[in-house]
Structures are given as structure tokens and as C-alpha cells.
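As you go down the protein sequences, you meet chains A and B in turn. With my numbering applied, the first sequence covers 1 to 444. With my numbering applied, the second sequence covers 1 to 163.
These are calculated hints, taken from the structure and not from any lab test. Hints may be right or wrong, so weigh each one.
[Unchecked claim] Quick look at which bits of chain B chain A covers, simulated, 3 or more residues with Cβ under 8 Å:
hint: 1; stretch: 33-43
hint: 2; stretch: 60-72
hint: 3; stretch: 132-142
hint: 4; stretch: 145-156
[What the hints assert, rightly or not] Which chain B residues stay away from chain A? Per the calculated CB distances, all over 12 Å, these:
hint: 5; residue: VAL3
hint: 6; residue: SER7
hint: 7; residue: GLN10
hint: 8; residue: GLN13
hint: 9; residue: ILE15
hint: 10; residue: HIS24
hint: 11; residue: ASN48
hint: 12; residue: ASN91
hint: 13; residue: ILE92
hint: 14; residue: GLU114
hint: 15; residue: LYS116
hint: 16; residue: LYS162
hint: 17; residue: ALA163
For every residue, glycine included, the Cβ atom is placed at its ideal position computed from N, Cα and C.
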Amino acid sequence: MSKKILLEHINVSGINTLEVFVQHGGYQSVKKALSMSTDEVLEEVKKSGLRGRGGAGFPTGMKWSFLDKKSDKPRYLVCNADESEPGTFKDRFLMEKIPHALIEGMITSSYTLGANTSYIYVRGEMMHAIRILEQAIQEAYKAGYLGKNILGSNYSLDLYVHPGGGAYICGEETALLESLEGKRGNPRNKPPFPAVWGLYGCPTVVNNVETIADIPWIVNHGGDAYAAIGIGKSTGTKLISACGNINKPGVYEIELGITVEDFIYSDQYCGGIPNGKKLKAVVAGGSSVPILPSELILKTATGEPRLMTYESLGDGGFVSGTMLGSGGFIVYDEDQCIVRNLWNFTRFYHHESCGQCSPCREGTGWMEKVLHRIENGHGKMSDIDLLVDIAKKIEGKTICPLGEAAAWPVASAIRHFRAEFEEHVINPESCCKKHLHGQLEHAH
Amino acid sequence: MSVLSASTIQEIQKIKTRYPEGRHKSALLPALHLAQAECGWLPVETMNQVADVLDLQPIEVYEVATFYTMFHVKPVGKYVLEVCRTGPCCNIGAEELIQYIEEKLGIQVGQTTEDKLFTLKTVECLASCGSGPVLQIGPEYIYHENLTKESIDFLIAELKTKA
Ligand SMILES: Cc1cc2nc3c(=O)[nH]c(=O)nc-3n(C[C@H](O)[C@H](O)[C@H](O)COP(=O)(O)O)c2cc1C
Ligand code: SF4
Ligand code: FES
Numbered sequence: 001m002s003k004k005i006l007l008e009h010i011n012v013s014g015i016n017t018l019e020v021f022v023q024h025g026g027y028q029s030v031k032k033a034l035s036m037s038t039d040e041v042l043e044e045v046k047k048s049g050l051r052g053r054g055g056a057g058f059p060t061g062m063k064w065s066f067l068d069k070k071s072d073k074p075r076y077l078v079c080n081a082d083e084s085e086p087g088t089f090k091d092r093f094l095m096e097k098i099p100h101a102l103i104e105g106m107i108t109s110s111y112t113l114g115a116n117t118s119y120i121y122v123r124g125e126m127m128h129a130i131r132i133l134e135q136a137i138q139e140a141y142k143a144g145y146l147g148k149n150i151l152g153s154n155y156s157l158d159l160y161v162h163p164g165g166g167a168y169i170c171g172e173e174t175a176l177l178e179s180l181e182g183k184r185g186n187p188r189n190k191p192p193f194p195a196v197w198g199l200y201g202c203p204t205v206v207n208n209v210e211t212i213a214d215i216p217w218i219v220n221h222g223g224d225a226y227a228a229i230g231i232g233k234s235t236g237t238k239l240i241s242a243c244g245n246i247n248k249p250g251v252y253e254i255e256l257g258i259t260v261e262d263f264i265y266s267d268q269y270c271g272g273i274p275n276g277k278k279l280k281a282v283v284a285g286g287s288s289v290p291i292l293p294s295e296l297i298l299k300t301a302t303g304e305p306r307l308m309t310y311e312s313l314g315d316g317g318f319v320s321g322t323m324l325g326s327g328g329f330i331v332y333d334e335d336q337c338i339v340r341n342l343w344n345f346t347r348f349y350h351h352e353s354c355g356q357c358s359p360c361r362e363g364t365g366w367m368e369k370v371l372h373r374i375e376n377g378h379g380k381m382s383d384i385d386l387l388v389d390i391a392k393k394i395e396g397k398t399i400c401p402l403g404e405a406a407a408w409p410v411a412s413a414i415r416h417f418r419a420e421f422e423e424h425v426i427n428p429e430s431c432c433k434k435h436l437h438g439q440l441e442h443a444h
Numbered sequence: 001m002s003v004l005s006a007s008t009i010q011e012i013q014k015i016k017t018r019y020p021e022g023r024h025k026s027a028l029l030p031a032l033h034l035a036q037a038e039c040g041w042l043p044v045e046t047m048n049q050v051a052d053v054l055d056l057q058p059i060e061v062y063e064v065a066t067f068y069t070m071f072h073v074k075p076v077g078k079y080v081l082e083v084c085r086t087g088p089c090c091n092i093g094a095e096e097l098i099q100y101i102e103e104k105l106g107i108q109v110g111q112t113t114e115d116k117l118f119t120l121k122t123v124e125c126l127a128s129c130g131s132g133p134v135l136q137i138g139p140e141y142i143y144h145e146n147l148t149k150e151s152i153d154f155l156i157a158e159l160k161t162k163a
């Protein structure tokens, strides 16, 4: 059995309540952290090697140490619970099933960062999770884990849930802060980074739900114990939300370092591909990361087994590798059409572009249009290189990484599946027949 | 004239206290959710009153309401069915189900039935890809997962009796 940090008690009935959560060791980290200095807790987080679970994988301890300590302004911890990256559904799962895991993490982390007011920015559509969190927060206030002088200490914290309004871009941390300030979710230019100029112009840390929920275990068991789990710089466990053509879609907590093959085929996880179909491709870390064909997702270009770690999935760079990203693991069997799936994701990015930068606003729209015509049998051979060209012209030329998030899937799909795009141009009848005949045109 | 009830206004005033002094603009998204839950959608008069309660310029409310997809700035039916149309859900039949609902209700995506009971919309990935196809129904935003034609029939019949 692989190590469980977050989901160990997931099947305990009533684990969503404070009482049962405490019976299973919940909230111990608050007491322990309050008995330590904030620098001591920070040291444990640094030692743990924990990396941000929201997608970028930035070391959490390092991010926390950048927080401007000289400023006399208040400091804020903001939890990013905007989860909207297609294929990703781990944060919603965690918040709905074990809300106190996040709340405990928020308290321990806020103490360490010196924040006395913290916010959980939850995607607006997740009203169910919002209601669950709000109730859990009330329980935590009643039990003395929140509010003034927590557990008799000098430390006080108020914690609030803030609903978003429906906009993928608000998952980008500076857009999230704008949104939390009651504005449109337009990302800010960086620098300054939130650690210096964040919420209301104050030093702020933005962390993903899972990242924050990992903190209590690190405080309870020590950074070294956490770092002992996993491989190399990929320490600890990771929640992976698996979907697509697999026998057992769902959220799995894996020890970083298991093989991709094991994750896809073992009964402990995805349980293989249904109906005896063959694996065609995988998008391993949410829709924004490069897609890989079966031979490159199971083994690296040099023939090493591919592991579920930041390093191994990244092996080969963008030529033959991908990213662990958010942990949104989408599996495609041999019947899936790469062109159609790419068109759908590109439509998504065009829809979600905030419109501030012309390469992103216009480029995503052009790519969507070109992909749509290829998918519908009206493409030209030159369209394929045109797509590559547009993708290149977006990359690196925008305020926020949504531009890259839209460009990478296009570049990688054409790199690995060019023949399929060509086939759509030469012989449009060969694939996607029902789409060609307009039956599903409405959903465009 | 007040379009929002006293209890909604009171609720908004309470939400203001979650944010630091002078940062009451932060209460705008939660306030718009409350206003929409009460009015069904966000007519200009409603947005103006939200501006009033939060001490903002009306334009600050309009520009936010139009940025976020959850806010309806045009009239909608009593029940807004929002079906996920993103890749993973489409690969397990979401498009066919959208078409099925269109035929069943006699409307297209974006339209409202004549009896003003249902509006059909599409949304992007609802973080439910492992249990798709999925749709949500406001104002409570309840998710209905693992959708089939049968479960859609059942759901629509149930909403009709409830109405
Ligand atoms: C377009 C876009 C969408 C994002 N969406 C999310 C999201 O839904 N949740 C999340 O935690 N991070 C998201 N991120 C990453 C955040 O900007 C940020 O890196 C993250 O919240 C930091 O937390 P972590 O260090 O704990 O991962 C997104 C980034 C971009 C560019
Ligand atoms: S890259 Fe796209 S989403 Fe990001 S700021 Fe520019 S236009 Fe907005
Ligand atoms: S794609 Fe439909 S919920 Fe994610």
C-alpha cells in the first residue's frame, strides 16, 4: 500500500465533521505549530521539499520565505480553490469530503506566515463545496481553532470563504487577487510578485488547496519524514484526478515515483483501458500540458520507464516530455480523435482568454478557427504549419501563462500526431464522420 | 424603489465585514450571487442597487457582472441547465446529451423555453470529469453527474412538478 497523507481517512463515515476529524488526529498540527516559532515551522516546510500542487510545482518553503517581512502592512494567505483546469478535480473532492483538512492547513500556514486574515477563493460554481467549507469553518470557530487567541495562544485568525464568479483565468494567482478585490479577473504584470504586492497591495502568499492541506502532516511528522516519501526533488504524495478511457476514473493519492504504467494499468489506480482498447495518448497534468503518445508516456525517449514525478514527466523537455502540472490525468484510447480534442481545448482557451494581450486574445481565436476547419474537412495542408506558427507567436509574449497553456497543447499535438492532422486534410471522411455531417455542430 | 429584499441587503452588509476597512468592493462577487439568487438574473436596477449598498459606481458593478460567466445579465428561465462541454465530458457523450436536451425542450443552447421554465446553457469543465457528463442547476448550483438520457428525463420531469 502506498503512503497516504491526505486521503488516509477518506472512507471514515463522518470525516467531514470536526468531531470525527479530530478523533482521527485532526487539528494536532495547530497545537504543535503554535508551540513552535514561525521560523521553526518554516524550516520544516523548507526541509519537506513540498512543491506547489496547483500546477507550477514551485517549492512552497521558498515561496513562503520570499514574503516581505520588512513591510509593516498586514500579510495575507489566500488559498487558490478555483480549480478549473480541464481534467482536474482533486481540490473539489478534498474540500467536499474532508473540509477540515484544508481549514487545519490554512490555520497552521497562516500562523507560519504571520497572517491574521485569510481567504479561501473557491470557484463560484462549487457552491456545494462552499456550503460545506462554511459550515466546517463555523465548527472550527466554535472549537477555538479560529478566532481570537487560538487555543489560548496570542495568535488570532479569521478565515473566510470567497466565491468566484465563473472564469478560468481567476485560477492564475494575480487574476485571483484582482477578483478577490472585487474586480474583473485580469492578470497583473509581474513583478511585483504577490509576496511583495499581493492582496490590497500587501505581502501575500497564494497556494493551492492541496499544497495547504499537506502542511499539517509536515508539521506533525517533520519535514525530513515528508522528504523521505517520493523520489529526489519530487517529495511526498500527489493527488491525481484520472479521467477519460480508463476503467476507474477518480481521485487517487499516489506516492510520487510510481510508474505511469502502474498508474494506468494497476487495479489500485485507473485499472486499465476498457473494452480491450489500446492506449493512444495521455494528457498528464491538466489540459495545458503537452499531450504525449502512448510510447512516450510509458517510456522516456531514452527508454527509461516514465515515473509520476516532476522530473521524469518533464524528461525530454517539450520535444518528448510533458509536465506533472495540476495532476489532471486524461487518458485517450485508440478511438479518440486528437484533432477534435485539440479543437475543443483551444476553443476553451479562446473562451477563457481575458483579452488583455493581443497574441492570446487573437491567437487563440485563430487557432480555434483553423482547427475547426481542419476538423470539419475544410482544412488545407498549410493550415498545420500555420497552427504551429501561431502557437509560437503566442508563447512568451503575454502577461500571464494562459497564452502558453493554449499554445503548448497545439504545438505538442502536431509534433506527435502530425499524420492525423494530414489525414484530416487529405481524407476528411476517414475520421469523425458524424461531426463532418454536422450532427453535432450546435455544440460548437 | 428597492428590488432587493431587506434580508438580502442585510446579508450583503454582513459580508462586507469579512474584508478590511475600505475594501468593501471585495464583497461584490458574493453580493452579486445573492442578488441573482433573489432576482433570478441581474437586471440593471438590481445591479444599481448592489452598487448603492456597496457604495460603488454602477459601472464598477456592470463591468464585473459582464466579466464572469455565472452572472446572467439577460433574463433566464426559472431553471438554468448548464451542461459541461469541455473535452473530457465530450469524449463520454456530452455533445449527444446537449443535443438530446435541445430536442426535448425544443430550444437551442442559449435559449429559454416559452413557459420561461428552462434555459439551456453550456459551461466549461466543472471539475467533475471523472463523473461526467455533468450539468449544474442554479441558483443552488447542484451538480448532476454521470448523466444519461434517462436521468435527464427524470430530472426535467422532477423540475416541472416542483415548479
Ligand atoms: C490560466 C491559469 C490557471 C490557473 N488555475 C489554477 C487553479 O485553478 N488552481 C491553482 O491552484 N492554481 C492555478 N494556477 C496556478 C496559480 O497561478 C499559482 O501558481 C498557484 O495557485 C500557486 O499555488 P501552489 O504554489 O501551491 O501551486 C493557474 C495558472 C494559470 C496561468
Ligand atoms: S495571456 Fe491571455 S489570459 Fe493571460 S493576461 Fe494575456 S490575454 Fe489575459
Ligand atoms: S470536462 Fe466536464 S467536468 Fe471536466
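Against the structure, the hints come out as follows:
Beta-carbon proximity to chain A at under 8 Å applies to 1 residues in the stretch 33-43 of chain B; the threshold of 3 is not reached and the given coverage is violated. For the stretch 60-72 of chain B, the stated coverage by chain A is satisfied: 8 residues place a CB nearer than 8 Å to a CB of that chain, which reaches the threshold of 3. Counting residues of the stretch 132-142 of chain B whose C-beta lies closer than 8 Å to any C-beta of chain A gives 5; at least three are required, and the coverage claim holds. Using a Cβ-Cβ cut-off of 8 Å, 0 residues of the stretch 145-156 of chain B lie near chain A, which falls short of the minimum of three, so the contact claim is violated.
In this structure VAL3 of chain B is separated from chain A by more than 12 Å, as the shortest Cβ-Cβ distance comes to about 20 Å. With a cut of 12 Å on Cβ distances, SER7 of chain B stays outside the contact zone with chain A, its closest approach being about 17 Å. With a closest Cβ-Cβ approach of about 17 Å to chain A, GLN10 of chain B is found to remain outside the 12 Å limit, as its non-interface label requires. At roughly 15 Å, the least C-beta separation between GLN13 of chain B and chain A is larger than 12 Å, which holds for a residue marked as non-interface.
Against the 12 Å criterion, ILE15 of chain B falls within the reach of chain A, whose nearest CB is about 9 Å from its own CB. Its closest Cβ contact with chain A, about 8 Å, brings HIS24 of chain B to no more than 12 Å, contrary to its assignment away from the interface. Remark: the non-interface label on ASN48 of chain B is consistent with the geometry, its nearest Cβ contact in chain A lying 16 Å away (cut-off 12 Å). With a least CB separation of 6 Å from chain A, ASN91 of chain B falls inside the 12 Å interface cut-off, contrary to its annotation.
With a minimum CB-CB distance of about 8 Å to chain A, ILE92 of chain B fails to clear the 12 Å threshold, and the non-interface call is violated. Against the 12 Å criterion, GLU114 of chain B stays outside the reach of chain A, whose nearest CB is about 19 Å from its own CB. Listed as a non-interface residue, LYS116 of chain B keeps its Cβ farther than 12 Å from every Cβ of chain A; the least gap is roughly 22 Å. No Cβ of chain A approaches the Cβ of LYS162 of chain B within 12 Å, the least distance being about 18 Å, so the stated non-interface status holds.
Listed as a non-interface residue, ALA163 of chain B keeps its Cβ farther than 12 Å from every Cβ of chain A; the least gap is roughly 21 Å.
When the structure is compared with the earlier hints, violations turn up for hints 1, 4, 9, 10, 12 and 13 and for no others.
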